[in-house]
Structures are given as structure tokens and as C-alpha cells.
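Engineer: Next come the chains, spelled out residue by residue.
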Amino acid sequence: MKKTKQIRIDPLTRVEGEGVLYVKIDAGKVSDIKFKIIEPPRFFEALLRGRLFREAPDITARICGICPVAYQTSAVQAMEHALGVVVDGQLRLLRRVLYCGEWIESHLLHIFMLHAPDFLGYPDAMHMAKDHPEIVKRALELKKAGNTIIKFLGGREIHPVNVRVGGFYRVPTRQEFAPLLDTLKWARDATLQAVQWTGQLPFPDFVQDYEFVSLHHPTEYPIMGERLISNRGLDIATSAYEAHFREEQVPYSTALHSTLIGRGSYLTGPLARYNLNFARLSPLAQQAAHDAGLEPTCKNPFKSIIVRAVEVLYAFDEAVRLIEQYERPDPPALSMRPRAATGMAITEAPRGILYQRYQLDDEGRILTAKIVPPTAQNQRMVQEDLWQCVAQGLDMPEDALLHRCEQTIRNYDPCISCSTHFLRLHIERS
Amino acid sequence: MVTRHIPKLAVWKFASCDGCQLSLLDCEDELLALASALDIAYFPEASQMLVKGPYDLSLVEGSISTPHDAERIKQVRKASRFLVTIGACATAGGIQALRNGKDIQEFISVVYASPQYIEVLGTSTPIANHVPVDFELRGCPINKEQLLEVIAAFLHGRRPTTPAHSVCVECKLRGTVCVMVAHGTPCLGPVTHSGCGAICPSYSRGCYGCYGPMETPNTLSLGRRWIQLGATRHEVADVFRNFNADAEPFRKEGERYEENKANTH
Numbered sequence: 161m162k163k164t165k166q167i168r169i170d171p172l173t174r175v176e177g178e179g180v181l182y183v184k185i186d187a188g189k190v191s192d193i194k195f196k197i198i199e200p201p202r203f204f205e206a207l208l209r210g211r212l213f214r215e216a217p218d219i220t221a222r223i224c225g226i227c228p229v230a231y232q233t234s235a236v237q238a239m240e241h242a243l244g245v246v247v248d249g250q251l252r253l254l255r256r257v258l259y260c261g262e263w264i265e266s267h268l269l270h271i272f273m274l275h276a277p278d279f280l281g282y283p284d285a286m287h288m289a290k291d292h293p294e295i296v297k298r299a300l301e302l303k304k305a306g307n308t309i310i311k312f313l314g315g316r317e318i319h320p321v322n323v324r325v326g327g328f329y330r331v332p333t334r335q336e337f338a339p340l341l342d343t344l345k346w347a348r349d350a351t352l353q354a355v356q357w358t359g360q361l362p363f364p365d366f367v368q369d370y371e372f373v374s375l376h377h378p379t380e381y382p383i384m385g386e387r388l389i390s391n392r393g394l395d396i397a398t399s400a401y402e403a404h405f406r407e408e409q410v411p412y413s414t415a416l417h418s419t420l421i422g423r424g425s426y427l428t429g430p431l432a433r434y435n436l437n438f439a440r441l442s443p444l445a446q447q448a449a450h451d452a453g454l455e456p457t458c459k460n461p462f463k464s465i466i467v468r469a470v471e472v473l474y475a476f477d478e479a480v481r482l483i484e485q486y487e488r489p490d491p492p493a494l495s496m497r498p499r500a501a502t503g504m505a506i507t508e509a510p511r512g513i514l515y516q517r518y519q520l521d522d523e524g525r526i527l528t529a530k531i532v533p534p535t536a537q538n539q540r541m542v543q544e545d546l547w548q549c550v551a552q553g554l555d556m557p558e559d560a561l562l563h564r565c566e567q568t569i570r571n572y573d574p575c576i577s578c579s580t581h582f583l584r585l586h587i588e589r590s
Numbered sequence: 506m507v508t509r510h511i512p513k514l515a516v517w518k519f520a521s522c523d524g525c526q527l528s529l530l531d532c533e534d535e536l537l538a539l540a541s542a543l544d545i546a547y548f549p550e551a552s553q554m555l556v557k558g559p560y561d562l563s564l565v566e567g568s569i570s571t572p573h574d575a576e577r578i579k580q581v582r583k584a585s586r587f588l589v590t591i592g593a594c595a596t597a598g599g600i601q602a603l604r605n606g607k608d609i610q611e612f613i614s615v616v617y618a619s620p621q622y623i624e625v626l627g628t629s630t631p632i633a634n635h636v637p638v639d640f641e642l643r644g645c646p647i648n649k650e651q652l653l654e655v656i657a658a659f660l661h662g663r664r665p666t667t668p669a670h671s672v673c674v675e676c677k678l679r680g681t682v683c684v685m686v687a688h689g690t691p692c693l694g695p696v697t698h699s700g701c702g703a704i705c706p707s708y709s710r711g712c713y714g715c716y717g718p719m720e721t722p723n724t725l726s727l728g729r730r731w732i733q734l735g736a737t738r739h740e741v742a743d744v745f746r747n748f749n750a751d752a753e754p755f756r757k758e759g760e761r762y763e764e765n766k767a768n769t770h
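Line by line, the protein sequences are chains A and B.
So the first sequence is residues 161 to 590, counted in the working numbering.
So the second sequence is residues 506 to 770, counted in the working numbering.
Some clues are possibly wrong.
Listed next, the in silico SDA-like pairs over lysine to any residue satisfying Cα-Cα at most 25 Å (straight line) [as the list claims (entries may be wrong)]:
#: 1; chain 1: A; residue 1: LYS311; chain 2: B; residue 2: ALA538
#: 2; chain 1: A; residue 1: LYS530; chain 2: B; residue 2: LYS677
#: 3; chain 1: A; residue 1: LYS297; chain 2: A; residue 2: ASP451
#: 4; chain 1: B; residue 1: LYS757; chain 2: A; residue 2: MET496
#: 5; chain 1: A; residue 1: LYS290; chain 2: B; residue 2: LYS766
#: 6; chain 1: A; residue 1: LYS530; chain 2: B; residue 2: GLU611
#: 7; chain 1: A; residue 1: LYS290; chain 2: B; residue 2: ILE511
#: 8; chain 1: B; residue 1: LYS677; chain 2: B; residue 2: GLY662
#: 9; chain 1: B; residue 1: LYS579; chain 2: B; residue 2: ASP639
#: 10; chain 1: A; residue 1: LYS530; chain 2: B; residue 2: LYS607
#: 11; chain 1: A; residue 1: LYS304; chain 2: B; residue 2: ASP608
#: 12; chain 1: B; residue 1: LYS557; chain 2: A; residue 2: ASP284
#: 13; chain 1: B; residue 1: LYS766; chain 2: A; residue 2: ARG499
#: 14; chain 1: A; residue 1: LYS304; chain 2: B; residue 2: CYS532
#: 15; chain 1: A; residue 1: LYS530; chain 2: A; residue 2: MET496
#: 16; chain 1: A; residue 1: LYS297; chain 2: B; residue 2: LEU653
#: 17; chain 1: B; residue 1: LYS766; chain 2: B; residue 2: GLY735
#: 18; chain 1: A; residue 1: LYS304; chain 2: B; residue 2: LEU539
#: 19; chain 1: A; residue 1: LYS165; chain 2: B; residue 2: ASP639
#: 20; chain 1: B; residue 1: LYS766; chain 2: A; residue 2: ASP284
#: 21; chain 1: B; residue 1: LYS579; chain 2: B; residue 2: ARG664
#: 22; chain 1: A; residue 1: LYS297; chain 2: B; residue 2: ASP534
#: 23; chain 1: A; residue 1: LYS184; chain 2: B; residue 2: LEU555
#: 24; chain 1: A; residue 1: LYS290; chain 2: B; residue 2: ALA540
Source of the hints: derived by calculation from the structure; they are not laboratory data.
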């Protein structure tokens, strides 16, 4: 006797972009899992060809409305790498402050509006707000504080206008930063409570033996950096990324899957950054993690919600530290001469490492472009978590299992709109 | 006893970056009030609760770029009393409309190893090319204050107020010195629809056209002025070929400079 059960979640909700999950259980065993991306491809790598190097930050920002700063920062750094320019000092400091703003708004959106309702059994944050008005109101205030950084430095929250290859169009004075600094100090203190709050959520007992991959910097918790490391001995220059990672199209999936050549799937994002760089978090963030019950090593993806809260706290703390030592740079951007060259860069988007590579002609126009977003890199790991989650939950009532599967996907904060590497795939089912 | 009708809101996504619907969640100060004035009935990015139509107001983000989406938008129209498009993708085809007029198979092969799995249209087109649209809100991304104005207007049965004049008017209103006149910085402001609040010039940068063409734009004259200021023909073609590349005045001007773009004048 054969009993087949199929679970279908269509569409997946509270994720950025559109996806579908399909699970097939045959005679009490998981026989198939498909995490389908139904996002139409937009062909950024094709349409970037022929454009000037300095247009890349504005065009690539449009890949994702939730993490445009990540796309812009990887783009400008890849161009600077190609053109042999190093942006350092106060200009690099401003980039880091701007990036902190994006971590804050993106993480808080996910923690309180997309992820927390899962743990407490609400369909969304608006319903959660009816029972927990103070929690949701405070979260929105904190999210706004993160967006204030982006609006101040970038001009607007979504698709900032002030980022350019070499630096910025306009840089603020110290005095202009003063009101923002007050807001950020308040927000930093208020986030301590948020970290505590995430620590007391009910977490499923789930552990995965991940290979964590993140950027590495000798002194900073990584946002920008030149080296890529893992907990299994990977330690390479970011420019060697393509020699160690491969994207492949697999028949059972709807997205290109990234693998570490010879090793398989890996995890990038908050959990990876935290596990590999705990020592570089500020003392305040380390203490808050400890107080929330988080060990320096954490392999439970459901607890990524605490890690995100710790990173929000760190980002506020770091933004305050950086702004306090800020001196207005002059000029606001380094100038550079176009040349035929190839450059690449990785930065830590809220969801994980974001790789870009450009080949330029002697006028500085793009000949080829390659963009590997974090969600594409995590695809394989999401599916591996899902296999384990369903195998563990076969005895659960169907609704509960369904919910657990959705939660497993949301652990990754998947940003499906980063559509550069997603595709639509039709599968024949017998 | 008469019970008050709570309007049902739906938010739909087509080919896009998510930024315009994110603007709704970025209304940090107004979101909870909005959720109590409206029944947020279908908003998969924000809620697991998906209530069936019909809907009083549908906000549509993104462009039509696949055969599936060309059908889906018809269902959305049927289920919606008012349909409002939000953002440059939904009103002009978006940056992905740069594929229009190009060899789509070649585009696919640049990105994907197995092109046979990809099912897309050769064009990315605005929603209004497929179904009747009640109102189009411009911008890449949209301005969240304008979004609130649109929602409020439809709830009260009036037309939204979103001026169709140029970005220049917004610069004058906020007292920004003209970057083109004072510094010789090429700026698309004179032909670009208002709505962003003239952000770029206040950051010492020329406008790059996120909100698409204003009413009656004199793109011909502005293109000539850019050349006088030292821009190459290729650069003029590029600036018209961005997020609103397929909006007609920008498309025409882009094409004019695309031809013979190697010439300096």
C-alpha cells in the first residue's frame, strides 16, 4: 500500500518576492521538495552591458528595494577595484554608516513584521499589534531610525541617490550629523530590550551542521572586506570567489544553486557572520547576546531572529561610534580614469554575501557583468533545512508541519526579488 | 443599524524590485492607523492572511514580462473596483524594459545556462497596456507621502493630487540652487515629473529621471543643452534609457541619441 501526501504553499507569504513551496511525502518518507521561485527574471546582467561604470550603483540598486545599499556598495567597490582606486578613511566610514542603516531597517522589517508573527501565531504584524501594541510600535520607531540614516546620507530610504563610484555626491558636515546622533543613541538603548524580547521566543529544537561563509576583517564585524572565510578552513581573497564557488542549474529547482566547489552547500547571512565574527562585535552587542541566551556558536536557524536583533544593536552602536569620530572629507569623491580592466567585490548584504564582477572597456563601459545575490547562495541550504524539517515533523498535524516549513524558509529572510539569478521552471509530474 | 463598510485593500506584485510595496511598510508612523482604517485583505509580502476578492482598491507593483503575468493582471483587474499602479515598472515597464527591441533569446543566454526553461515575453510593458488603470503613481521608487495621498483620495472618492509639473518646480519650492545654471551639471529635472521632492540637486547631483516624463516635456531642447554642457551623445542616450526607458518621450529621445551615438555632436 502506498500513501502519498502532498503539501503545497502557494504563494509563500511574508517573504520579499514571490515563491511557492511544494513537498511530497511518499509512504511516510519525504520524496520531493521544491522551493519554487515564481519571480519573473529581469536580466540585469544583460542590460548592464554597454552602460558606463558610474551608472552601475543606480542600476543595480533596482535589483532590490529592500537592500539597495548592498547592491550599490558591491557595485562601487567592484568598479573601484577595476579602476585601481582604494576608497578609505572618512569616505569608507560614511559607507559603513550608510550600510548600518540598511542592516537596521532590513533586519527590523524581518524580525518584527515577517518573522516574529510565526513564533507567536499571528498572520501578520498588524494583528500582532492588537495584542502587543508597544512591541510593534517600538519596532516601527526603531526601523524608522535605521531608515533615517539612509535618508540622511543617501537622500531617500529606497534607491538612495547619493552613492557614487569613488565616494558620494555630497558629504554632510559634523554639525548636520548632530540630530541623527541623538536619535541613534536613543535607538541603541531601546534595542537592548528588543534583543531580550527575541531571546524569550519559543524555539524549535533544530540544529544543522552548516558550513558558514562570511567576509572577514581583522578588526571590524564584517560589512566590507577583502577576505572570505568559513568554519571549515576556507580563507580566500574575495577576488578569488569564482574559483571556489560555482552556480549551477539543477533540474528539481527553480533557482540557480551556489555551491562551494568540492564541498557542497553553505550558509551565508547573519548566522554565518555571527558565528565567524563574534569576537568583533562590540562589547555591548556581545553582552546583549549573552543576556538573551545566545552562545557565541549557534547552529539553530530559528534563532537567527535573535542574531538579527544583536546585529541591529551592533549596527546602532557602530553607527554612533563612527559618527562620533567623523570629520568631513574633501573632496566628497575620488576621481578616476576609465581603463580596460576587470574588478570584483563582495559586501555583506543583510541576508549575506553579495558578489559582483564587471569587465570594462577602455572607455569604462561594461562588457560583462556577474551578480550573485545572497538568497541564490542560500537556496541549497534552505532546501536541506526543509528536508530535515519535514523528516523530523512527519508525525505533526498537517497544519503545524505546513507552518514549520514556512518558518524554515523565513529563517533565511529570503529576498526573492533579487531576481538576477532566479528563473521559472516547469516540472512534469507523473 | 448601518454597519460601516471597511474598504478592502490588495497589493499585487509583478516584475519589480519590491521597493514600491515596501514604501507601504516604510510608513512607520502611519501603518497601524492605516491597518485600522482599511482591511488589508491581500498583501502576501506582509501577511499570511489572504482574503478573497473583490477588493475596493488594488495597488499594483511591477511590469508585465511573462505570459503568465499577462493573464494574471486580467484576473486582478476583474477582482478590483479601483486599480492603481505604483512605480516606474507598473507605469512605464521599468528598467527591465531595456530588453524591449533587443534579442530576448540573447538576453536569456547571458544569464542562464539552460535557456529552454525560461518562459518570458520579449517585452516588459506597463500595466495600462494590458488592462484599464484608474490611476498611475510615478516614481522609482514611489514617494510614500504620495502613496498615502493616493490611498486617502480613493477612500474618499476623489482624484489624488500629484502635480505633473517638472522637478524644477520642486527645486524652486525647496529653495535649491539650480545645479545646471549655477554649476553646469547636466540635469534631467526640466523634463522629469515631480514627486520625489527634488532630492538629487540638493545632494549636488543632476536629476536622473526616476519619475519619468512630466506633462509636455521638451526633451529635444534639454538634450541639446546637455551636449552644450559637455555630455556625449552616448551619455544623453543613457540618461533617457533608465527606469522609464519605455515612456514615450524618453524612449524617442533615447533613440535619437542612440543613433550615431559615437558622434560627439
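Engineer: With reference to the structure, classify each hint as holding or not holding.
Structural biologist: Comparing the hints with the structure gives:
This hinted pair checks out: A/LYS311 and B/ALA538 have alpha carbons roughly 23 Å apart, not beyond 25 Å. For the suggested pair A/LYS530 and B/LYS677, the alpha carbons sit about 41 Å apart, so the restraint of at most 25 Å is broken. With a C-alpha separation of about 23 Å, the suggested pairing of A/LYS297 with A/ASP451 holds against the 25 Å cut-off. At roughly 32 Å between alpha-carbon atoms, B/LYS757 and A/MET496 are farther apart than 25 Å, so this suggested pair is violated.
Between the alpha carbons of A/LYS290 and B/LYS766 the distance comes to roughly 59 Å, so the proposed pair goes past 25 Å and is violated. Among the hinted pairs, A/LYS530 with B/GLU611 is consistent with the structure: their alpha-carbon atoms are about 16 Å apart, no more than 25 Å. For the given pair, A/LYS290 sits about 17 Å from B/ILE511 by alpha-carbon distance, which is consistent with the 25 Å threshold. Between B/LYS677 and B/GLY662 the alpha-carbon distance is near 31 Å, which puts this suggested pair outside the 25 Å criterion.
Our distance criterion of 25 Å between C-alpha atoms is met by B/LYS579 and B/ASP639, whose separation comes to about 14 Å. Among the hinted pairs, A/LYS530 with B/LYS607 is consistent with the structure: their alpha-carbon atoms are about 20 Å apart, no more than 25 Å. Between the alpha carbons of A/LYS304 and B/ASP608 the distance comes to roughly 43 Å, so the proposed pair goes past 25 Å and is violated. A distance of roughly 17 Å separates the Cα atoms of B/LYS557 and A/ASP284; the hinted pair therefore holds under the 25 Å criterion.
Our distance criterion of 25 Å between C-alpha atoms is met by B/LYS766 and A/ARG499, whose separation comes to about 20 Å. A distance of roughly 9 Å separates the Cα atoms of A/LYS304 and B/CYS532; the hinted pair therefore holds under the 25 Å criterion. Pair hint A/LYS530 plus A/MET496 holds up; C-alpha atoms about 22 Å apart against a cutoff of 25 Å. As the CA atoms of A/LYS297 and B/LEU653 are separated by approximately 19 Å, the hinted pair is consistent with the 25 Å bound.
The suggested pairing of B/LYS766 with B/GLY735 holds, with an alpha-carbon distance near 14 Å, which does not exceed 25 Å. Between A/LYS304 and B/LEU539 the CA atoms are separated by roughly 17 Å; this keeps the pair inside 25 Å, and the hint holds. A C-alpha spacing of about 44 Å is found between A/LYS165 and B/ASP639, which places the hinted pair above 25 Å, so the restraint is violated. With a C-alpha separation of about 51 Å, the suggested pairing of B/LYS766 with A/ASP284 is violated against the 25 Å cut-off.
For the given pair, B/LYS579 sits about 24 Å from B/ARG664 by alpha-carbon distance, which is consistent with the 25 Å threshold. For the given pair, A/LYS297 sits about 9 Å from B/ASP534 by alpha-carbon distance, which is consistent with the 25 Å threshold. Of the supplied pair hints, the one linking A/LYS184 and B/LEU555 holds, its CA atoms being roughly 24 Å apart against a limit of 25 Å. Between A/LYS290 and B/ALA540 the CA atoms are separated by roughly 11 Å; this keeps the pair inside 25 Å, and the hint holds.
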